[in-house]
Structures are given as structure tokens and as C-alpha cells.
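Student: Given next are the chains, with one letter for each unit.
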Amino acid sequence: MFQIRIHGRGGQGVVSAAEMLSIAAFKEGRHAQAFPSFGSERTGAPVVAFCRYDNAPIRLREPVMEPDALIIQDPTLLHQVDVFQGLRRDGFVLINSSRSLAGLGLAELFSRYRADRMLTVPASDLALKHLKRPLPNAALLGGFAAMSGEVTLASVESAIRAKFAGAVADGNVAAAAAAYDVVQRERTELSHA
Amino acid sequence: MLEQIEGSRAVAQSVALCRPEVVCAYPISPQTHIVEALSELVKTGRLAPCEFINVESEFAAMSVAIGASAAGARAYTATASQGLLFMAEAIFNASGLGLPIVMTVANRAIGAPINIWNDHTDSMSQRDCGWIQIFAETNQEAGDLHLQAFRLGEELSLPVMVCMDGFILTHAYERVDLPSQAQVDAFLPRYEPRQVLDPAEPVTIGAMVGPEAFMEVRYLAHAKQMQALERIPEIAAEFRAVFGREAGGLVRSYRTEGAETVVVALGSVLGTLKDTVDELRDAGMAVGVLGVTTFRPFPAAAVREALQGARRVVVLEKSLAIGTGGIVAANIKTALAGLPAAIHTVVAGLGGRAITRASLARTLHAAVDGTLEALSFMDLDWGLVNRHLERERARRRSGPVAEALLRDVGTVAARVS
Amino acid sequence: MSHQPVKFYQTGTFTVGNRLLTPESRTVQASEARANALNSGHRACQGCGEALGARYAIDAAMRAANGRLIAANATGCLEVFSTPYPESSWQIPWIHSLFGNAAAVATGIAAALKVRGEAQTRVIAQGGDGGTTDIGFGCLSGMFERNDDVLYICYDNEAYMNTGVQRSSATPPSARTATTPAQGAQPGNTFGQGKNVPLIAMAHGIPYVATATVAELHDLEAKVERAMAIRGARYIHILVPCPLGWGAASQDTIRLARLAKESGLFPVFEAEFGEVTSVSKIRRHVPVDDYLKPQRRFSHLFGPQADPQTVAHLQRLADRNIRRFGLLADGDAPERVPVPEQADERHAAPA
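Residue numbers (the working numbering), protein chains in the order written: chain A, 1 to 193; chain B, 1 to 417; chain C, 1 to 351.
Calculated from the structure, these hints are not laboratory results. Remember, it's a predicted structure, so these values are computed and weren't measured experimentally. Beta carbons: idealized from backbone N, C-alpha and C, even for Gly. A few of these clues could be false.
Residues from chain C that keep clear of chain B, each with C-beta distances beyond 12 Å, as calculated [claimed, not checked]:
1. Ser-25
2. Ser-40
3. Phe-191
4. His-218
5. Asp-219
6. Glu-262
7. Asp-319
Derived DSS-like pairs (lysine-lysine); straight-line CA-CA distance at most 27 Å [unchecked claim]:
8. Lys-281/C x Lys-293/C
9. Lys-43/B x Lys-163/A
10. Lys-114/C x Lys-43/B
Using the sequences and the hints given, assemble the complete structure.
Tutor: Laid out in C-alpha cells, this is it:
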């Protein structure tokens, strides 16, 4: 079973992100589950959503306590919420930011987790460019696909199109593909470093 | 056809396949996505002929369903929590009149204090109203139970409440296999009412009944629910034959063979329980799970048979009868009267507090070690409780309880889980 | 519906259609072919205005609907006296659900008929003032707002009669009821704002609103017929005196209904889509005293502890109605009444 926890703020599409990720996993033939940590809807408030997938049917319903991957849609949460709680030692971390992890003041994480699995990607900027709105969720999924190899970009695209239509879908798909490329390049650089 | 969709949508599509003729809805979290999806299906003509009515309250929702059902239409509505209470008078009316309305209850806590998250207080508060109550374990089952509900309700002329955990199921995306219209039509025939408002054959429905006949009328309602105990497994078997999967029934056992300890529960927590029990079994504990799918009528005989060999029974419930203790547990105890098993009530998950494998394992170890009390509250913060009791001892004007506790708890938004 | 001989119970009154008229001009009640939807044998009190009003209204509706009518009835006198287990007076399909939901139940019935393509069958919701103006108000408003194809008929006897004459929001100011006893400094019901449901119905903009009384059979039947020719939400408010609750003689029911209109206290009018379209003028204007005196619920205003101030206040309310609705032929309108006079009185310091 692979478990992902997504952190963000209300209005950033955190819940949609988890849902799309579950659709992507479904399209690849896996059992998948996505659900929010339930709060009354309030723009700007911290939101957490969960996704887990497995080859076998999933019966578990508890929140994701020990994520295999973290996606952080809003870096302002980093010093407000303990987003890294329970993260597995070889877990993936993808943060929406144009700064590096060191630039975000998270250099010490490298000692606790795997440096080659912790990346940032300027998802909001890419979304602004391709979607005209700073909604980073789809882009981050593209980045996650590149970072972890857990789902393909094609599945992410398919999931986006299952949720959105027309120009909105096209924009999100483009943003996801762009983020995928950015993360691929970062990974290549890291492995050559 | 396999789809990855939100539980609410799976329910809406399953209900739509049942060809409801009148759908009336008043919004309340966490049922909203169900009625929104149904309104979309009606508006786009994918569910037709169907009248979708936006009503002004839950009381109106159940009342409109009563009128529609009495006039011979297949009627459906959905609610939760406060909404269920607001229609309480009408719920009793519907079952008393014998109208086979089907209603989804997206289980949610009841205030005060206001709480939108999951527990079973709402359904439990109406357990004696005469409706059949069935609880879904997964979103697949939630969809499937609605098919069975219309079938069962119309056969017996009784309304049916399909309970599914709010947010945990309603707002979870998971894989569901939605049946085809042809399959549903084969399983669920057209509604043939036992009574109907028809100018060609006028009847009076809802007359006053005094002491001369009231007891008999009420007994007949009870007898009908007892009939349901027979029909429910039969309908589940028919369902299996048509759709090729398990859904419904009275109770469902998991690894109870040779289980010294059996945990009893309703709804989605059964999934987490099964994972926990697998781990404990691997570690050598003789533990199993009994899921209660039908809560009303209460399947006493089936429960008794399933728990025959248990040395101890742990009833894990998302409900609390203030002033006495467990609700499900009380029903279980009645069913097990005379058997030697020790029965523990564990109240958990009230107001949406997460039930984790770790806590379940801890509880089951305590049960086996003999340290689990007769009535306990899983993951209760005794510090919070005792500090508040101290506040109340210290001054008369101790303020609203909820606010005092929340101030003590601190910033919730910063928490991860 | 099986044939049964219709018995004429009323003689020597104005109520049963005028046999001097041509058959086409006679009332539904005058016809042997009337549905008799509310059959004899019900348990209403002698002189019950509601039984009269219901029979008049439903028979007229049945004729307009060619016998295809379904009724949803709120809890109350009508429901209780018409269906004493194991008997029922109703010869039409009829359902009683709860006190406050007649309008919603009717909405459901109408929806079922629509879905099944049975639109020629019509739906009536009916209840007393309690079930309409108080506990059923929410459902009534919802039905209006959705413009559901339901005719709601309110039989207004101005209190919760079936439970023992308790005050409702339709109880007139100063009237004695069991919960507004004629005792103390301000005996009887308070002078509140009142709740004019016909006007509220008009504010919803529904296709048809009308008030009527059991004193004018032709008028009541014509209004029901007009309502039945319209689709959508419709409301008819009928004043139905209650001898027991009002403390009046059982033979005075129709006379009191007439006096309520002739004094101006109960305006009789029609409205469509929120605009008044017709007014039934007062034929012989009477002072409110003539209406109030035969009712023991107002007896504390007269006699040894007479309260002419309150009677004058009621007269002003009547005069305001007359002015507002134009109830008198032109030229007979009383002096303009300052509005809102009630507010002044409520805040006046005690004498």
C-alpha cells in the first residue's frame, strides 16, 4: 500500500488533488481511496487530504499517519503545521515553491530523510502560466508522477480530464506536464550531483 | 461498470437506477453531494420521469415523500443529523402509515455542540421509529443497499433508512461497480402499492385510532419488521445471484472461527477493524469481527449464533446513550442473555474522532489482558475532561462547556490528524 | 363513486342554492348530483362552520375536477370529526399525515400525479387556522414559493378548537380563549400585529388568493371554481364560525359569518399574482358591536365591566380594512385612520 498526504489551504484544490490521484491510480488498475480530513469549508484554512492505493482492496479508513509521500501545496504551512509528522524515512516530499528546500529553511530535513526524494516545484507559477490561475494541484500531481514514478503522467492527465473539461482541463494538463518536466530535470541534476 | 467516484455520487447513481419518481431534498452536510448529483441527473434528463423538488426543510422533505408515496410514486430523500431530528414527527408518520420511502442517512453527530462529522447518534436516535435501518460498510455496499432497500420496503410496505458514515464514506473516492439499468430493472420491479390515493377507488388514509385498536396497529408494525428478518437474507441472496457480490444481509462475520474475542461494530469502521484483526491474528490473538448490517429489525438470533463461542465481546460503537452507556451494546446484551461471554462497550469516534488501528489494537489487547472496563471511551482525553470539571468546581460562572474545552485544546487547524 | 340519495338538511335558510334560479345558476349544493364528498355521519358539533365550509368547498372542487380530486388534511377538527375510527366521512381519496405538513404532503401528491402523467387529477390541501398560520406556515410558504399545483384551503375559526380553544395567530385581538383568558388588566387576546395569511399569500405572488365565508355560498363556490380553473399554487381562506369556541348559538353560524363581513372585520376579496382583483362590498354596514355581542368570547367587552376603548379599537381595525380594501360603495368610506395606531398604544405608559 502506498499512502500520500496532501497539505494546503482551503481553495487550493487539495481535496481535488487527492481525488485525482486516486483516479490516476484507478486508471492503472489499482484500488484507490481518497478522502479529506473533514472540515467545514473555509477558504484559507489549513486542509489535509489523503490518498492511498494498493493492488488489493483497501479496507482501512484511518487518516494517513505514516505517509509514503507528502505533497505540500502551500509553503506558508511549513512552519505552522507539522506537515512532516509520521513521514517515512524513505518518503517523498514535493513542495510547491520556486525556492529550494534550503531556501525554505528545511535543509535539516536532508539528515532525516532521503535527499533525492525531496524536491520543490514552482507549481503555482506553472499553473498561472498554463491555467491563468494559481491553482497548483494538477501541476503538483505531474511533479509527483515524475518524482516517484508511482503513477504515469498519462494517468495523471486522464485523471485531470475525468474531473475537468474543456479549457480548464487543457490548462491543468499542460501545467502537470510542465511540472513533470521540471521535476524530471531536478531529479537528473540531483543524480548527477 | 467499474468507476472511481465519490461515495455520494455512487449512491446518487444507484438511487437513480432504481427509477425513483419523486426525489425531494433539503441540504445538510454531509448529504449534500447526493442530492446535488440527483438534481443534475434529473435536470439533464438522465433520470426521467422524475420530479425533483427542493423543499424548505427536512420536515417538508419527509412530508413531500409521504404525499408522493401515498399517491403511488416511488419516493426518495436523504438527510443527516439535525435534519433527521427535524423530520422526526414525519418519520414516525411514514412508518406508521406503512409508506415504503427510502432515505439515505449520512450519519453525523447531533448537537449541541454543533458538529458536522461522523458518528451514529442520528440513526440511533430514531432506532425505534419503525423504519428498517441498514448500515453500509463501504461505498459499494452503500449503493447496493439502496437497491435492496426499495425492494424490501415496497414488499413489506415499510420505509427503509440506509445509513452510511458521513464524510468517511460520502466524501471518499473509491472504486465502485455500478450496475446496469437492465440488471436493476430485473432485480427491482415496478412499485405496486398496498394502498394508494386514487379517485377511482377512494380510501381514507391516516384516521385517528383510539385505545380500541391502537395496540393491534402497533403490533402489526412490529410483526412486519420481524418478517423483514426473514426477507433480508433472502433478498441479499437474490442480489448476489443477479449482481455477483455480497451486500446487505443481517450480520457478517470475519475470522470469528475459533475467536475468543469478537469485536462487534456497524458501518465503515469495520474496514479498519478487519485490517487490525489481521495483524492481531498474525501475532497470535484469537480475535474476529462481527459486522451488524441490519440494525432494525435487530437480528438477535443471528447475533447470538455468531457470538456463541466467544469468551468476550467488545462492542465498538459510535453512539452513546447519555446517562446509561452503549446503545448497540444494550441490544447485543439482550441478544446474548444467558450466554457466559463478557461484554465490553467501547464508545469511539464520536463527532468524527478518527478510529485508528493502533487504538483498536490497544483496546483489544486490554480486553484480552482483562484490563478493559465494562464501559470505556476510546482515545478520550481525560486531562481535558478533568480540567474542565475542576473549572466547574472552582466557579459557578464556568461558561459554555464546549468553548471552555476548545480553548483548552488550542489551535486545531494546525493539527495533522 | 356509488349512487346514494342526497339528503337535504338545510331548510329555510340562504345556504342551499336558490331554487328560484335557473338550474345553471344554482349552487353545487343545490344539486342532487353533488359529490357529497364529506358525507353525513361525521361527528362535527351542531352548527359547525368548518363542516359547512368543507362540504361547500370540496363539492365545488369535485365538480370542477370532474370527480378527480385528492385531499391532504391537516390535524384538527375537520380531520378528527370526519374520520372517527373505524369510519370515514370522506368519499374522495383523502390522507391525514401531520399537523404542520398538509401543504407539503399535497406537494408530494401533486408531484406523483405529474410524474405519472395524471395531471387531470387535482390536489387540495386543507387545514384549520392553527395548521395553516402557525405550525404549517413553513410548509405553506414553501408550496407557494415553488408554485406547486395545489389549492390550499384554510378553514379559519380563529383558534385551536379541537384541543380545547387555545389561541392561534389567527385569534382576533381581545378574544377570550383558554390560553388568553378574559382576566386581569388586559383580558383576552393581545393586540399584536395579527397575521394576515391571505395578504402573505399575495406577497408570494401566487396565481390566486381569495377570502370567503360560509354566509355566501354562491360566492364561495364561484371562488373554488375559479381556483380550480387555474394551475399552480392557490389559496382560499374561509371564515368558519365555531359555536363552541366562539360561545355563540349553533344556529348563528351563518349569521355571524355574514356580520364579520358586514362589519368590515373580515374583508372578502380576490387577488391574482399579488394584486387585488375583486372586492365583495359590504351590503349593510354594521358596527363591530353587532358582530361581537352574540359571541361570549367577547362578552368581557360588554356588560358590567364594559371596555368601550377596546371595542373602539376593534372598530378602528374594521374601518382600516374598509378603507384599505374599499369595502363600502364610494362615498361611505370612514375617516382616515392613522397608522400604525397599535404601536402607539403598545408603548403607552400604563395609566
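Student: All the hints need checking, so say for each whether the structure fits it.
Tutor: Quick rundown of the hints versus the structure:
For Ser-25/C, the non-interface assignment is confirmed: its Cβ lies about 28 Å from the closest Cβ of chain B, beyond the 12 Å cut-off. No Cβ of chain B approaches the Cβ of Ser-40/C within 12 Å, the least distance being about 15 Å, so the stated non-interface status holds. Residue placement check: Phe-191/C keeps its beta carbon more than 12 Å from all beta carbons of chain B (closest about 30 Å). Distance check for His-218/C against chain B: the nearest CB is about 26 Å away, which clears 12 Å, and the non-interface claim stands.
The Cβ of Asp-219/C lies farther than 12 Å from every Cβ of chain B, with a closest approach of about 27 Å, so its non-interface assignment holds. No Cβ of chain B approaches the Cβ of Glu-262/C within 12 Å, the least distance being about 37 Å, so the stated non-interface status holds. Listed as a non-interface residue, Asp-319/C keeps its Cβ farther than 12 Å from every Cβ of chain B; the least gap is roughly 37 Å. A C-alpha spacing of about 23 Å is found between Lys-281/C and Lys-293/C, which places the hinted pair at or below 27 Å, so the restraint holds.
Between Lys-43/B and Lys-163/A, the direct Cα distance comes to roughly 20 Å. Compliance with the 27 Å bound is thereby established for this hinted pair. Of the supplied pair hints, the one linking Lys-114/C and Lys-43/B holds, its CA atoms being roughly 16 Å apart against a limit of 27 Å.
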